[in-house]
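K.L.:
Chain residues, written in single-letter form:
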Amino acid sequence: MELKIIYKSWWKILATVLILYTLIAGFLLPVPRLAILHETIRNLYFHVPMWFGMLTVLVISVFFSILFLRTGKEEYDLASVECVNTGLIFYAMGLVTGMVWARFTWGQFWSGDPKQNSAAIAFLLYCAYLVLRNSIDEEQKRAKISAIYNIFAFPIMVVLLFVLPRMTDSLHPGNGGNPAFGRYDLDNNMRMVFYPAMAGWSIFAVWIATVRYRIRLIEHKRNNIDL
Amino acid sequence: MKKLLMLLCFTLSGFAVLAQNSGTTEMADDMRKSGMIYVVIATISIIFIGLAIYLFAMDRRLKKIEKEK
Numbered sequence: 000m001e002l003k004i005i006y007k008s009w010w011k012i013l014a015t016v017l018i019l020y021t022l023i024a025g026f027l028l029p030v031p032r033l034a035i036l037h038e039t040i041r042n043l044y045f046h047v048p049m050w051f052g053m054l055t056v057l058v059i060s061v062f063f064s065i066l067f068l069r070t071g072k073e074e075y076d077l078a079s080v081e082c083v084n085t086g087l088i089f090y091a092m093g094l095v096t097g098m099v100w101a102r103f104t105w106g107q108f109w110s111g112d113p114k115q116n117s118a119a120i121a122f123l124l125y126c127a128y129l130v131l132r133n134s135i136d137e138e139q140k141r142a143k144i145s146a147i148y149n150i151f152a153f154p155i156m157v158v159l160l161f162v163l164p165r166m167t168d169s170l171h172p173g174n175g176g177n178p179a180f181g182r183y184d185l186d187n188n189m190r191m192v193f194y195p196a197m198a199g200w201s202i203f204a205v206w207i208a209t210v211r212y213r214i215r216l217i218e219h220k221r222n223n224i225d226l
Numbered sequence: 000m001k002k003l004l005m006l007l008c009f010t011l012s013g014f015a016v017l018a019q020n021s022g023t024t025e026m027a028d029d030m031r032k033s034g035m036i037y038v039v040i041a042t043i044s045i046i047f048i049g050l051a052i053y054l055f056a057m058d059r060r061l062k063k064i065e066k067e068k
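From first to last, the protein sequence lines stand for chains A and B. Reminder that position 111 of the first sequence reads as 110 in numbering that gives the first Met the number 0, one-by-one numbering, no gaps. Reminder that position 7 of the second sequence reads as 6 in numbering that gives the first Met the number 0, one-by-one numbering, no gaps.
FYI, nobody ran anything at the bench for these hints, they're computed from the structure. Some hints could be false.
Pairs of lysine-lysine residues, derived as DSSO-like cross-links and limited to a Cα-Cα distance of at most 30 angstroms, are as follows [stated by the list, open to error]:
hint	chain 1	residue 1	chain 2	residue 2
1	A	K7	B	K66
2	A	K220	A	K3
3	B	K66	A	K3
Which residues of chain B face chain A? A few of them, derived with a C-beta cut under 8 angstroms, are [as the list claims (entries may be wrong)]:
hint	residue
4	E25
5	V38
6	V39
7	I40
8	I43
9	I48
10	L61
11	I64
By construction, the Cβ of each residue, glycine as well, lies at the ideal position given by its N, Cα and C atoms.
Same shape as in the complex, but just chain A:
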């Protein structure tokens, strides 16, 4: 499978334009007037897309892990790793922006909310992935074990982040009878910014992952020549 599209520019320009639009429209378009939230509701345009960007690259990572197990091609393993690396950057961004937002709406940076705790656990789950990788010297073995770990880590992360917090009481919207940004909070004006932000940041995350992958590929080839 040749991935020529990662060398094309049009989708990178698209992502840049989408995000730039949300940076401008996100501050200018009207938002619902809600108590407690006030103007911080605009964080929705920036905090949530971080998680969506993370989810996008982690899905791609699982896809490449499966491809690696089927074909045994080392490039797929490298693509999978770099997707996880990029996903973790967005993960950290989502976690930190969420903490700042929580400080001013929930009262504390970290209040031990189920959503926050789950997010921390899932973060460690992916950190363990990187540690596991670096602890194995033999290349084929490392690629195979980390691919299998990655395929199992992904559904656990999804359950931790998006299923378990919803089954208990949580301060985070969308959990325990606390409506998500849906019918009540997300009006049509917000949708006009929110959806482009989700798309823009997701594509941006993929872009960063492809750049990392291409660097990794060159490093990989150089190492093989040296041997």
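Given chain A, put chain B in place with the hints provided.
P.N.:
Structure of chain B alone, referenced to chain A:
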């Protein structure tokens, strides 16, 4: 009947709270009116454009290296 009355009371008080919110919730109206929000938008736009150009430049440099191989 008493329960129903209570329910009605609470529902109505809920509406009252909602109505109050829409009038008094503080938003950055003055900031937007005075036009100063544009300064913030300009700043973050410049930062993002800068970072995007930077990423494009790295992409181009990488393409050059890939062609040399």
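K.L.:
Look at each hint and say if it fits the structure.
P.N.:
Consistency of the hints with the structure:
no. : hint            : result
1   : K7(A) - K66(B)  : 15 angstroms, holds
2   : K220(A) - K3(A) : 19 angstroms, holds
3   : K66(B) - K3(A)  : 14 angstroms, holds
4   : E25             : 6 angstroms, holds
5   : V38             : 11 angstroms, violated
6   : V39             : 7 angstroms, holds
7   : I40             : 5 angstroms, holds
8   : I43             : 5 angstroms, holds
9   : I48             : 7 angstroms, holds
10  : L61             : 5 angstroms, holds
11  : I64             : 6 angstroms, holds
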